[in-house]
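Enquirer: Each chain is listed here by its residues.
2 protein chains.
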Amino acid sequence: LRNGKIDQFRAEFLELHPYDQARIFEELEESLRQEIYMYVSPEEMADVMEHVDDEEVEPYFSEMDPRFASDVFAEMSSDDAVDIMNQLDKDKVASFLTIMEQEDAQEIKDLLHYEEKTAGSIMTTEYVSLKASMKVQEAMNHLRTEAPDAETIYYTYVVDEDKRLVGVISLRDLIISEPEWTIEEAMSDRVVSVSVAKDQEEIAQMMRDYDFLALPVVDFQDHLLGIITVDDIMDVMDEEASDDYSKLAAISDVDGPNDNAFTSAKKRLPWLIILLFLGSLTASLISQFEEQLNQVAILAIFIPLIAGMAGNTGTQALAVAVRGIATGEIRKQGKVRMMFREASTGLITGVVCGLIIMGIVYVWQGNFFLGVLVGISIMSALIVATIAGSFVPLIMDRLNIDPAVASGPFITTINDLISILIYFGMASAFMNLLV
Amino acid sequence: LRNGKIDQFRAEFLELHPYDQARIFEELEESLRQEIYMYVSPEEMADVMEHVDDEEVEPYFSEMDPRFASDVFAEMSSDDAVDIMNQLDKDKVASFLTIMEQEDAQEIKDLLHYEEKTAGSIMTTEYVSLKASMKVQEAMNHLRTEAPDAETIYYTYVVDEDKRLVGVISLRDLIISEPEWTIEEAMSDRVVSVSVAKDQEEIAQMMRDYDFLALPVVDFQDHLLGIITVDDIMDVMDEEASDDYSKLAAISDVDGPNDNAFTSAKKRLPWLIILLFLGSLTASLISQFEEQLNQVAILAIFIPLIAGMAGNTGTQALAVAVRGIATGEIRKQGKVRMMFREASTGLITGVVCGLIIMGIVYVWQGNFFLGVLVGISIMSALIVATIAGSFVPLIMDRLNIDPAVASGPFITTINDLISILIYFGMASAFMNLLV
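As they're listed, the protein sequences go chains V and A. Per this note's numbering, the first sequence starts with residue 1, numbered consecutively. Per this note's numbering, the second sequence starts with residue 1, numbered consecutively.
For the record, the hints were derived by calculation from the structure and aren't laboratory data. One should not assume that every hint holds.
One copy or two, either will do: identical chains are not told apart, so a pair holds if it fits within one copy or between any two.
List time: in silico PhoX-like cross-link candidates among lysine-lysine, alpha-carbon distance up to 25 Å [what the hints assert, rightly or not]:
#1 266 to 109
#2 267 to 117
#3 131 to 90
#4 335 to 267
#5 335 to 109
#6 335 to 266
#7 266 to 198
#8 92 to 135
#9 92 to 117
The whole structure should be built from the sequences, with the hints applied where relevant.
Expert: Following this line, the structure appears as structure tokens:
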């Protein structure tokens with residue numbers, strides 16, 4: 001395909017959607033990529049780069065001619081350019097910015113200042129705004145000329161003389177308005193905006209709940225700074241979901257299709273080693289009860305069952321709490337109500353599971369007291385574990401730590417400890433009934 | 001506010017965004033809700049109902065006058081009406097449909113046929129389509145009149161005389177085209193469509209990757225049946241993420257802010273009881289090694305540590321595999337490569353953790369052979385558990401079972417079993433070195 005036939009390749013390649021171009025591009029060897037850099041314009045390359053995963057884009061920009069690379073950045077949406085630059089090392093970014101034209105460079109520099117995961121870092125500055133005093137007819141003409149460079153023209157924000165946000169008008173409303181009206185008459189002044197420092201997860205919630213296609217971003221004096229479009233928010237939703245999910249499983253990052261075994265191991269080992277030390281604590285706890293174990297070795301049989309059940313129910317309570325915090329549901333209802341509900345849920349599940357296992361153990365081992373001991377241990381362990389599973393993330397949220405860090409395995413390991421303490425505590429108290 | 005002052009309440013309430021109206025509405029007591037039903041139009045009520053959680057909407061429709069309720073359904077977007085009807089019981093739905101006007105009822109009936117979670121069930125039939133032979137000017141006029149009833153007019157799909165999908169034109173392109181062109185000249189014929197039976201998760205991936213605001217849904221002969229808009233897809237993304245997340249924690253449904261303790265317990269108990277039986281299997285496995293435990297009671301100390309580590313690493317591998325299957329990444333790369341990578345990752349993490357724990361046990365217990373035993377057990381358990389964590393979901397995917405069902409606690413419990421077998425197996429083999 002691409003041995004010589006440049007025109008044909010260009011024609012076919014550029015017909016594709018940039019997402020597909022990016023997939024093909026990633027499959028190529030470096031020498032072929034170099035040819036592509038020669039035969040496509042920076043603008044065309046920018047489209048491709050916007051559809052490559054941010055974390056994998058670094059080598060491509062390193063192998064490009066720096067002049068070409070900085071042209072590509074200049075042609076990209078400013079928000080996408082910034083996302084990629086956040087992945088590159090600082091010296092390289094600085095050198096691209098110096099080659100770039102003043103105006104483009106300034107735009108990107110401004111965006112690079114905003115903290116990651118805030119409105120400022122995901123907004124784009126390529127938007128069209130209208131003045132309140134314009135006529136509808138004028139506004140349509142303005143949109144027609146600006147359309148090719150803007151991220152969206154379906155929602156246009158209206159500003160006053162001081163660039164303060166005063167309204168919003170959809171293209172839909174614009175085309176059904178009379179041409180001689182002013183924008184002020186045609187627009188809606190109930191415009192919802194977000195502050196530049198707002199967290200991206202909250203913005204995603206808002207856009208989903210209110211079905212917005214775009215949201216204006218303002219500073220503290222209500223000056224319009226940029227807009228966030230729904231396509232960026234879909235990426236945010238995916239990122240946040242994947243984040244919560246990874247943390248529940250205690251891995252730093254679940255998305256790594258191109259990782260090799262070493263990279264995967266590097267992502268998982270830190271958690272495993274921490275858990276290994278926590279697990280050693282459990283072991284040393286049990287060793288305190290060596291005497292009881294020597295007397296009634298059968299006690300050991302139920303250790304994994306009790307610890308496991310406490311871990312399972314803790315993970316369930318944790319997942320509900322973390323999700324509730326993430327969606328803001330818990331703040332609405334109050335934490336006390338949530339805790340009370342979890343305690344009651346723990347009580348119900350504990351009693352049910354406790355009775356079942358009591359029956360199983362009694363029938364299986366023919367030892368009534370052992371059945372009661374295991375049953376009551378499971379019951380207490382489930383109650384405590386359920387409360388711990390919901391309490392720990394709530395406290396972390398209070399301390400402004402991301403509650404998802406209290407991930408599944410941590411809660412599980414903590415609940416292992418608690419449940420074994422309960423089990424052996426009871427066993428030693430009623431030793432005389434067991435022997 | 002609402003004791004008598006109906007006009008004022010109407011004015012203030014209806015100024016709000018329907019999402020906020022829904023939040024207020026949900027807080028009211030039944031008597032106040034009844035007043036609202038009297039003072040708002042079915043159309044206004046439809047907007048509110050579209051923003052209430054589908055699972056909580058049932059009581060409201062039951063308490064409404066059936067005539068009013070069916071008018072509300074008729075005014076809703078057909079896709080939202082169907083989502084809600086899927087939550088109501090069949091007799092009630094049938095009675096609403098009989099009161100409704102023929103045309104609206106037919107539209108909803110058609111949609112009710114589609115299987116849940118497919119394109120058919122999330123698409124809306126309120127769209128505008130254009131004929132390829134229309135002039136741009138005509139098309140603009142057509143859009144102006146149809147705009148109020150359509151879900152979106154930003155992307156309009158173009159059909160031929162047989163209602164077959166032949167192209168797409170964005171409002172953006174429409175306003176920059178010359179009025180006397182035909183749609184056929186102005187449109188793009190590279191239109192991406194989805195079949196009515198396609199899974200909603202795949203559609204969400206597509207819309208995110210290609211940054212679409214809308215997608216046309218077609219039948220097997222390419223006839224345009226409906227469209228899917230980005231706001232529906234955001235709900236799908238949330239639902240799917242929450243689904244994967246719930247399953248990783250083994251709860252049927254994580255979203256239940258208004259659940260009481262009994263409902264919560266009912267969602268969690270089935271899983272806990274199944275896990276209780278699986279846990280009893282582990283217990284009965286250990287009981288096979290009672291003799292060894294009687295000889296070396298200290299063996300029991302390390303049971304939770306070994307089982308716990310196997311569970312943790314299994315959960316990590318599981319999360320990566322489930323996510324990889326969900327995003328389609330694994331299908332791209334091939335399962336064999338994935339399995340090979342997981343096995344290598346298991347080997348690396350196993351060796352590292354095994355060596356660490358060997359050191360800890362040796363220093364702590366002063367028993368070299370015990371250290372070696374625990375170390376080698378952890379090493380083998382991690383390798384096997386990592387492979388199991390990724391293998392089980394792959395097999396389930398092959399058997400067309402949703403791999404997320406192999407949720408965290410299941411893998412954990414299975415890995416408990418395997419790791420304990422390894423541990424006691426080795427302990428009995430080398431008993432003479434330990435005693």
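Enquirer: Run every hint past the structure and note whether it holds.
Expert: Outcome of the hint check:
Taking the closest pair of Cα atoms, residue 266 and residue 109 never come within 25 Å of each other, the shortest separation being 33 Å inside a single copy and 53 Å across copies. Proximity of residue 267 and residue 117 under a CA criterion of 25 Å is satisfied intra-copy only: 21 Å inside one chain copy versus 34 Å between copies. Within a single copy, residue 131 and residue 90 get their C-alpha atoms no closer than 38 Å, and across copies no closer than 53 Å, so neither meets the 25 Å cut-off. Within a single copy, residue 335 and residue 267 get their C-alpha atoms only as close as 33 Å, which misses the 25 Å cut-off; across copies the closest is 21 Å, which meets it.
Proximity of residue 335 and residue 109 under a CA criterion of 25 Å is satisfied in neither setting, with 41 Å inside one chain copy and 43 Å between copies. Taking the closest pair of Cα atoms, residue 335 and residue 266 come within 25 Å of each other only across two copies (21 Å); inside a single copy the shortest separation is 37 Å, beyond that limit. Taking the closest pair of Cα atoms, residue 266 and residue 198 never come within 25 Å of each other, the shortest separation being 32 Å inside a single copy and 37 Å across copies. Taking the shortest alpha-carbon separations for residue 92 and residue 135, neither the intra-copy value of 46 Å nor the inter-copy value of 51 Å comes in at or below 25 Å.
Taking the shortest Cα distances, residue 92 and residue 117 sit within 25 Å of each other inside one copy (22 Å), while across copies they are farther apart (46 Å).
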